[in-house]
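J.: Protein chains in written order, with this note's numbering: chain F, 36 to 232; chain P, 44 to 128.
Derived by calculation from the structure, the hints in this document are not laboratory data.
Do not rely on the hints blindly, as some may be mistaken.
Here are the simulated distance ranges between beta carbons [claimed, not checked]:
#1 ARG169/F to GLU124/P: 42 to 48 Å
#2 ARG169/F to ALA101/P: 36 to 42 Å
#3 GLY86/P to ARG169/F: 31 to 37 Å
#4 ARG105/P to GLU62/F: 44 to 50 Å
#5 PHE84/P to GLN204/F: 35 to 41 Å
#6 GLU102/P to ASP107/F: 17 to 23 Å
#7 ASP87/P to PRO161/F: 23 to 29 Å
#8 GLU124/P to PRO162/F: 38 to 44 Å
#9 ASP65/P to GLU114/F: 17 to 23 Å
#10 THR209/F to GLU102/P: 22 to 28 Å
#11 ALA101/P to ALA215/F: 41 to 47 Å
#12 PHE84/P to VAL168/F: 25 to 31 Å
Glycine included, every Cβ here is placed at the ideal spot set by N, Cα and C.
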Amino acid sequence: MSERGHHPAPLSPVERRVAALEALLTERGLVPEGFIEEITRRYESEIGPLNGAKVVARAWVDPGYKERLLTDGTAAIAELGFGGPEGDHMVVVENTPAVHNVIVCTLCSCYPWPVLGLPPSWYKDPPYRARMVREPRTLLAEMGCPLPGDVEIRVWDSSAEVRYLVLPQRPAGTAGMTEAELAGLVTRDSMIGVARL
Amino acid sequence: MSTQLSLSGLDLPRRNGELVFDAPWQSTVFGLAAAVIDNAFCGDREPFRQQLVKAIAAEPGRPYWESWTAALEALVETLPERPVP
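Isolated chain F, as found in the complex:
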């Protein structure tokens, strides 16, 4: 057991199962020294929604980039240096005054890791996964994102093949802002589609 297991309390059943997996997989040579610490550090500090915010801000200030982003999301996102697991087939969907997009994974927890990091817990929970498909307008309102009745809601179910990212509308009154300042306005939730800016 590593120092991560240095608890005064006895291990719970799931902690025991994870410890058994760690021992087995380490014994089989599948877990390089330091691998778990490194990947945890990366997802807790490097790979997160600021990456997506930079993509969105670039699209807001550079029409050519925006066109490339909507045509081939994976390639345009790679232009900014972002890619990797769960980001192989990125499709970016654009919000407009008439259309609001939102992403979900009905079967598990597929999510665009390179631009948003790992998903928040509610994204992985059964109520969100079921209700965002069945009653998106009601659920969005409950989540603090009420939409006018004439706005069409498009729900995108992530899959093994495709990961989606929402391109939010640029807020009014931001004409004088720099790209970096704009990136600071973009929230994770707006790129999932459960918030508007």
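Since the structure of chain F is already known, use the hints to place chain P on it.
T.: Coordinates of chain P only, in the frame set by chain F:
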């Protein structure tokens, strides 16, 4: 919500990280799955994803990282026995 630039209460990604795990065993089992995908499946995530879909469908109310653990256990079952040196 539409009030211009009034974004308090939203989760601003100014800092690129957030605590994504609630307990050490969760980050451990996340990292273990990544290690198995990389080192036993040549980076192909699909076999693990299929196990995760099955694990979640089997017990929809189970906490997410426990389903993740069950999925990894099932995936490990599919690995060939360690070759004899």
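J.: Each hint should be assessed against the structure and marked as holding or not.
T.: Quick rundown of the hints versus the structure:
At roughly 44 Å, the beta carbons of ARG169/F and GLU124/P sit within the given window of 42 to 48 Å. Separation of ARG169/F from ALA101/P is about 21 Å and departs from the stated range, judged on CB atoms against 36 to 42 Å. The supplied range of 31 to 37 Å is met by GLY86/P and ARG169/F, whose beta-carbon atoms lie about 35 Å from each other. Distance hint check: the CB atoms of ARG105/P and GLU62/F are about 27 Å apart, inconsistent with the given range 44 to 50 Å.
For the pair PHE84/P and GLN204/F, the supplied restraint of 35 to 41 Å holds, since their beta-carbon distance comes to about 40 Å. GLU102/P and ASP107/F have their C-beta atoms about 38 Å apart, which leaves the hinted 17 to 23 Å range violated. Hint check: ASP87/P to PRO161/F, Cβ distance near 27 Å, so the stated range 23 to 29 Å holds. Between GLU124/P and PRO162/F the beta carbons are some 41 Å apart, a value that agrees with the proposed interval 38 to 44 Å.
The beta-carbon spacing between ASP65/P and GLU114/F, approximately 35 Å, falls outside the hinted interval of 17 to 23 Å. As the Cβ distance of THR209/F to GLU102/P is approximately 46 Å, the hint placing it in 22 to 28 Å is violated. A hinted range of 41 to 47 Å holds for the C-beta pair ALA101/P and ALA215/F, which are about 46 Å apart. In this structure the hint that PHE84/P and VAL168/F lie 25 to 31 Å apart at CB holds, the actual value being about 30 Å.
Hints 2, 4, 6, 9, 10 from the list above are not met by this structure, while the remaining hints are.
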